[in-house]
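Protein chains: 2
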Amino acid sequence: MKTPATPSLISGIIAGDTLSLSRAITVVESMRSEDREQALQLVDGVYNQRKAALRIGVTGIPGVGKSTFIEKLGLEIVNSGLKLAVLAVDPSSTRSAGSILGDKTRMEDLSKHPNAFIRPSPSGGTLGGVAAKTRESMLLCEAAGFDVVLVETVGVGQSETEVINITDTFLMLAMPGTGDELQGIKRGIMETADIIVINKADGDNLNLANKAKKQLEMALHLFPEHESKWRPCVMKASALHNEGVDEVWKMIKLRQDTIERNGWLAEQRRQQQLREFQRLSEEAFYSMALRQFGGSNALAPIQEGLEKGNTNEYGAALELLSKLN
Amino acid sequence: MKTPATPSLISGIIAGDTLSLSRAITVVESMRSEDREQALQLVDGVYNQRKAALRIGVTGIPGVGKSTFIEKLGLEIVNSGLKLAVLAVDPSSTRSAGSILGDKTRMEDLSKHPNAFIRPSPSGGTLGGVAAKTRESMLLCEAAGFDVVLVETVGVGQSETEVINITDTFLMLAMPGTGDELQGIKRGIMETADIIVINKADGDNLNLANKAKKQLEMALHLFPEHESKWRPCVMKASALHNEGVDEVWKMIKLRQDTIERNGWLAEQRRQQQLREFQRLSEEAFYSMALRQFGGSNALAPIQEGLEKGNTNEYGAALELLSKLN
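Going down the list, the sequences are from chains A and B.
Per our numbering, the first sequence starts with residue 535, numbered consecutively.
Per our numbering, the second sequence starts with residue 535, numbered consecutively.
No wet-lab data here; the hints were simulated from the structure.
If a hint is listed, it holds; no wrong ones were tucked in.
Identical chains blur together in the list; that is why a pair holds if it fits in one copy or across any two.
Distance condition first, Cα-Cα at most 30 Å in a straight line; then the derived BS3-like pairs of lysine-lysine: (1) Lys842 to Lys787; (2) Lys763 to Lys842; (3) Lys585 to Lys842; (4) Lys763 to Lys745.
What you are looking at is a predicted structure, and each value in this text was computed from that prediction instead of being measured.
Please put together the full structure from these sequences, using the hints given.
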């Protein structure tokens with residue numbers, strides 16, 4: 535299928551046409567370098583015609599009930615009259631593979647709702663690249679009129695820290711476990727969470743959830759105050775029984791309100807924008823230099839020499855530098 | 535202090551002179567782009583005169599007893615007559631800062647041993663860059679005659695997955711906790727560990743350690759077999775009481791032996807080498823293109839326009855692309 539021309543995609547997106555949005559996201563996600571310029575044109579084309587959404591990042595290890603939670607939170611959002619886009623960042627982990635969003639049956643009720651748009655990202659590719667592409671998709675969603683964009687990340691590997699770089703509020707799901715209160719909490723991630731939700735806090739789990747909540751609150755007190763002045767909080771919920779999810783949504787709005795008023799929202803987005811330009815300029819420089827050098831094919835003889843042991847990677851890099859000068 | 539000329543540093547390193555090695559590592563770690571070519575020349579210059587060391591990566595969250603463990607493992611290694619270099623990768627985490635290797639008092643006995651060389655890496659810089667620089671430092675250590683290189687990473691953020699890309703064997707430290715059996719285990723990391731050591735398995739902790747060992751072993755069984763055919767194992771140790779550390783060292787040697795015989799060691803190093811060349815060529819392309827464009831200063835007006843909101847990051851990237859073409 536041929537991708538429609540950029541102007542028609544742009545006007546389609548602005549008009550809120552989901553098919554145009556989907557096609558534009560496909561361009562953004564493309565690994566083909568020749569699609570890259572169109573991707574930039576698409577995002578640039580809608581940039582000034584969009585209103586920034588409330589951008590939420592959600593993480594949590596498999597088993598924590600992430601799909602159910604996102605579905606319930608999503609229904610809370612769309613039922614309040616807002617339009618919601620759910621994007622998933624799923625870099626395959628170093629050693630295992632597998633997509634977190636195989637199909638829409640994962641969030642059946644939400645995916646049927648007219649105000650919801652669910653889009654899995656392809657796995658693979660460089661990680662920085664995946665988060666960057668998700669950011670571009672997010673901006674396209676905003677142009678299509680979505681009020682809230684929820685970026686889901688699989689709780690493995692590096693994706694979480696990447697997602698902090700593109701969202702306003704970072705939500706971490708944890709769960710109470712039998713004798714393993716902090717199950718699902720990665721300490722490196724904990725210090726970046728704005729809201730921690732202990733999911734599955736129901737029935738026999740309730741005592742454990744209360745204990746975990748206290749532990750987490752104590753642990754959070756050890757971290758220094760964040761620039762945003764926002765104190766991360768710990769909440770309990772049972773997505774399965776739809777308990778506490780509405781409170782989480784209220785807390786997200788409270789956080790957004792707080793950082794909007796104290797200026798952190800603007801500052802954080804400004805930093806994200808500058809970081810993104812840095813990445814985009816590196817991308818541009820690299821593609822230009824590679825083209826001048828004769829494209830990826832021109833690297834093949836060097837790689838062959840490496841494989842044969844005729845040279846080493848550092849010698850090869852020096853050779854490259856001398857040819858480029 | 536002026537850095538000595540490349541040939542004299544190279545011959546110093548080959549002669550096993552630690553001062554030359556330290557100075558060369560300083561060049562490798564330099565953030566100044568004008569030092570980059572010398573860094574490549576140094577590594578290229580020693581490349582064929584070195585013997586690859588046994589390369590071990592060690593990770594574990596703060597509190598797991600990493601310093602004590604590395605010191606005891608290190609003493610085990612140097613006392614067996616081998617020369618050991620300990621390098622530390624410490625990218626500051628997204629929100630907190632702090633160096634894991636402030637001084638040598640952290641591993642007092644080891645640092646005094648004539649066969650040991652301990653070198654902290656500066657924090658900061660891009661992460662991929664930090665692991666890459668550590669790889670270059672590692673090769674220099676090998677040229678200086680070190681038989682074993684141990685790369686330590688702080689168990690926060692993304693450094694672990696990076697370190698897998700430069701070492702032969704990845705060791706993860708965990709600890710038994712009160713009612714938190716998997717404390718210190720990040721699941722995303724677990725599947726990449728070759729050896730998991732439950733440290734602090736002593737006194738009152740012993741029961742908990744046994745329980746944790748069983749849990750971990752069960753969890754490991756869920757992972758598919760790795761290409762290396764090596765089955766990750768779980769061991770107990772008490773570095774403080776110097777118990778079990780010798781067994782860990784034996785296991786590391788067994789693993790090395792196994793992957794050397796079945797060919798995985800060579801294959802893994804080949805992959806690491808190709809990945810490194812990819813990164814080095816990107817670095818070379820980028821620096822060339824930036825220079826052609828007029829250096830970082832030439833980007834300033836665009837960045838200013840961004841800050842003022844005259845353009846957006848995607849429009850700016852398109853502008854850049856058009857100027858480069």
